[in-house]
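Q: Sequence:
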Amino acid sequence: MILKYRITGIVLLLSSLTLKAQSEFSFVQMCDTQLGMGGYAHDVKTFRQAVKQINALDADFVVICGDLVNDASDSSYADFKSIREGFTLPSYLVSGNHDVGNVPNDTSLQYYRKTIGKDYYRFRHKKHAFVVTNTQLWKVRVENESEKHDQWVKKTIKKQKKEQYPTFVLGHYPLYTEDPEEADHYYNLPDTTRKQLLELFVDNNVAAYLSGHTHKLTVNQYRQIQMVSGETTSKNFDERPMGFRLWQVSADTIKHHFVPLELPKED
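Numbered by our numbering, the letters in the sequence shown go through residues 1 to 267 in order.
A hint or two may mislead.
[Claimed, not checked] Below, computed lysine-lysine pairings styled on BS3-like, alpha-carbon distance capped at 27 angstroms:
1. 114 - 155
2. 162 - 148
3. 81 - 52
4. 154 - 114
5. 52 - 235
6. 255 - 159
7. 127 - 154
8. 265 - 45
9. 81 - 195
10. 195 - 148
11. 158 - 255
12. 126 - 162
13. 127 - 255
14. 235 - 81
15. 255 - 195
16. 114 - 81
17. 255 - 235
18. 45 - 81
19. 216 - 265
20. 118 - 162
21. 81 - 162
22. 255 - 126
Hints were generated in silico from the structure; no laboratory data involved.
Whole structure, please, built from the sequences with the hints as guidance.
A: See the structure below:
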């Protein structure tokens, strides 16, 4: 009987360890590849180097948090897509203000959707949900687009909680840069929208909000939510080295660390 209990205990322990291992994963957060921001040839080179380094990691996928290019055009997007095809792991894209315009319209949105793909969508990975948003539709109100986007985001995030999926929200603009009560400025979302989103995130099991746009490391914690705008591969305004963030996720922890680009000293 004692042997039976011991065997049962061992089986349960192994099952628990297996389930834990199955729920662990890592992914890469890139920000503002923005071909043309730091010099076109430079940004092409750094993006290619990032792809090379990310392929060498044991990561499950990569997300790029907006501003894929500096000036949206057939040629810049062709270069972006050509380099992106070098990834040996899945990559998910977020639209930024340089991709859809500071004030999006039907033309700019349709161009992005036709050339790059959906500007908001959801994917799942190992019992976690990733909700990709178009923050430009929050930054400014766009007729026939912002309301549709708002309703989709609310419905999708609430659904993840109902189905017990911890959620990562991906955007381009950070909700705020220093304080949730700060005044509206170029690098954050409008106060009313920001407060509505923080309430939505807190109430619906959002674990982290990943963004770009600031071109400097911006890390905040709001209740249970980690909020991170990371370093870029184009140009940083805080003199930090260029690179990306590697996120490691398990059943009980979510953490991230910086990985610098390995570039010759003259760069």
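Q: Check the structure against each numbered hint from earlier and tell me which ones fail, lowest number first.
A: Failing hints, ascending: 9 and 21.
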